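Undergrad: Sequence:
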Amino acid sequence: MKKKDIVILANIEWLFLKQRHQNLAENLVDFGYNVIFVESAAKRNPQFADIPRIFSRLLKSVKTQTPHSDSAVNVVSPFVLPSTFKINRLFNKLFFVKKLASKISSYFKNDECILIIYAPTSTNLQLIDFLKPSKVIYDCVSNFEAFKEMPADTVQIENQLIKEANAVVVDCEFLLQKHTALSKTIKIIEPAVDFKLFNRFFKPQSRTELRKLIYYGQVDPLKIDINLLNFLAEKGITITIVGGVKSTDISNLIEILPVVKSDQLPEIINKFDAIILPYNVNDYTNGIIPAKFYECFATGLPIVATKMYNFLRYENLLITGNTYDEILEQINLFTISSDTEHALERIKIAQNNSWQKFTENFSDVIETA
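In terms of my numbering, the sequence shown opens at residue 3 and continues consecutively.
The set of hints was computed from the structure by calculation and includes no laboratory data.
Remember, it's a predicted structure, so these values are computed and weren't measured experimentally.
Errors might be hidden in some of the hints.
[Stated by the list, open to error] In silico EDC-like cross-links for lysine to aspartate or glutamate, where the CA-CA straight-line distance does not exceed 20 Å:
(1) Lys134 x Asp113
(2) Lys273 x Glu257
(3) Lys20 x Glu192
(4) Lys205 x Asp251
(5) Lys359 x Glu175
(6) Lys186 x Glu175
(7) Lys111 x Glu269
(8) Lys165 x Glu151
(9) Lys186 x Glu369
(10) Lys150 x Asp222
Whenever a hint applies, use it, and build me the whole structure from the sequences.
TA: Written as structure tokens, this is what we have:
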């Protein structure tokens with residue numbers, strides 16, 4: 003029996019910080035599927051800072067395959083126009099998307115494919131028309147209508163995608179409530195964690211106070227409360243960021259380290275007293291549960307967090323507050339004895355959110371949609 007072809011239309015690059023998209027792709031290969039991972043297509047008009055990435059994408063797009071020797075996933079780098087104007091969409095349909103569909107189908111082992119889509123764009127709707135998949139699954143992990151850089155008709159496109167999809171998957175309660183009315187087959191599958199990787203340095207009662215906090219991941223002003231980080235740094239808390247920073251407003255008191263591979267993160271995290279999840283509370287973050295959330299739980303370290311919508315059900319396991327001063331107060335009042343049971347509870351929750359279980363649940367959606 004031939005392996006089923008799964009095409010993942012991702013909204014990130016393959017080599018971006020490893021998360022849901024790449025883990026799903028690799029695990030589906032282990033489950034016996036032939037997986038084609040299509041990197042993010044242009045969604046907005048390019049800016050000057052995008053020029054190096056555009057040239058890199060153009061170079062990769064003319065190759066027959068993007069080589070990734072560490073993975074059995076077929077990675078395709080698309081070259082299409084941003085789906086921001088009608089003329090761009092027309093040229094995409096006539097030329098670029100048509101060519102992209104041909105490139106994707108060159109990896110097929112069967113006559114038809116199953117499509118997993120991560121972003122509601124006209125480009126992805128066009129790919130549905132060209133690829134003619136047997137099933138379409140929309141894996142929604144963002145509140146796209148609150149993302150200002152998306153085209154004005156994003157809500158209409160997303161509604162059309164939901165109606166065309168055989169199944170809709172979401173990663174948090176907010177998105178479940180938002181899309182339930184339009185989808186008869188919607189399921190919540192939360193982020194997962196490589197538990198052994200992130201739990202390997204855990205030592206009970208190893209911290210007595212919280213003076214050094216780490217955040218890892220990209221710092222985007224839409225998602226991350228930079229003012230909170232600056233406030234804590236100015237109050238004497240050591241703040242370190244591991245990852246890219248899309249802001250010039252970061253205090254010079256904050257240490258910024260480059261992005262590292264996932265397997266190197268736990269050793270770095272272990273050098274700190276706690277992890278901070280400084281997310282803004284807004285319409286966009288209402289639709290987010292960070293991909294790193296259960297990774298943080300697995301470490302056993304205390305977690306400082308804002309009161310973001312999808313954190314509220316775990317509020318008793320977090321160090322949090324309604325204001326910057328309240329968060330600082332809770333950091334200063336921290337005692338290891340008060341967190342011991344909470345740490346074990348966080349670890350137990352992380353254990354129940356393994357990538358194996360995640361992929362089993364997703365595979366079930368694929369097979370039954």
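Undergrad: Does each hint hold? Answer for all of them.
TA: Verification of the supplied hints:
Proximity of Lys134 to Asp113 is assessed by CA-CA distance (about 10 Å); at most 20 Å being required, the pair is judged to hold. Taking the CA atoms of Lys273 and Glu257, the gap is about 14 Å. The hint holds against a cut of 20 Å. For the proposed pair Lys20 and Glu192, the alpha carbon gap of about 16 Å is at most 20 Å, so the pair holds. Restraint check: the Cα-Cα separation between Lys205 and Asp251 comes to about 35 Å, which exceeds 20 Å; the hinted pair is violated.
Simply put, Lys359 and Glu175 have alpha-carbon atoms about 19 Å apart, close enough for the 20 Å limit, and the pair holds. Distance check on the hinted pair: Lys186 and Glu175 sit about 16 Å apart at the alpha-carbon level, within 20 Å; holds. A distance of roughly 41 Å separates the Cα atoms of Lys111 and Glu269; the hinted pair therefore is violated under the 20 Å criterion. Between Lys165 and Glu151 the alpha-carbon distance is near 24 Å, which puts this suggested pair outside the 20 Å criterion.
The suggested pairing of Lys186 with Glu369 holds, with an alpha-carbon distance near 16 Å, which does not exceed 20 Å. With a C-alpha separation of about 13 Å, the suggested pair Lys150 and Asp222 falls inside the 20 Å cut-off, and the hint holds.
In terms of the numbered hints stated before, the structure departs from hints 4, 7 and 8, listed from lowest to highest.
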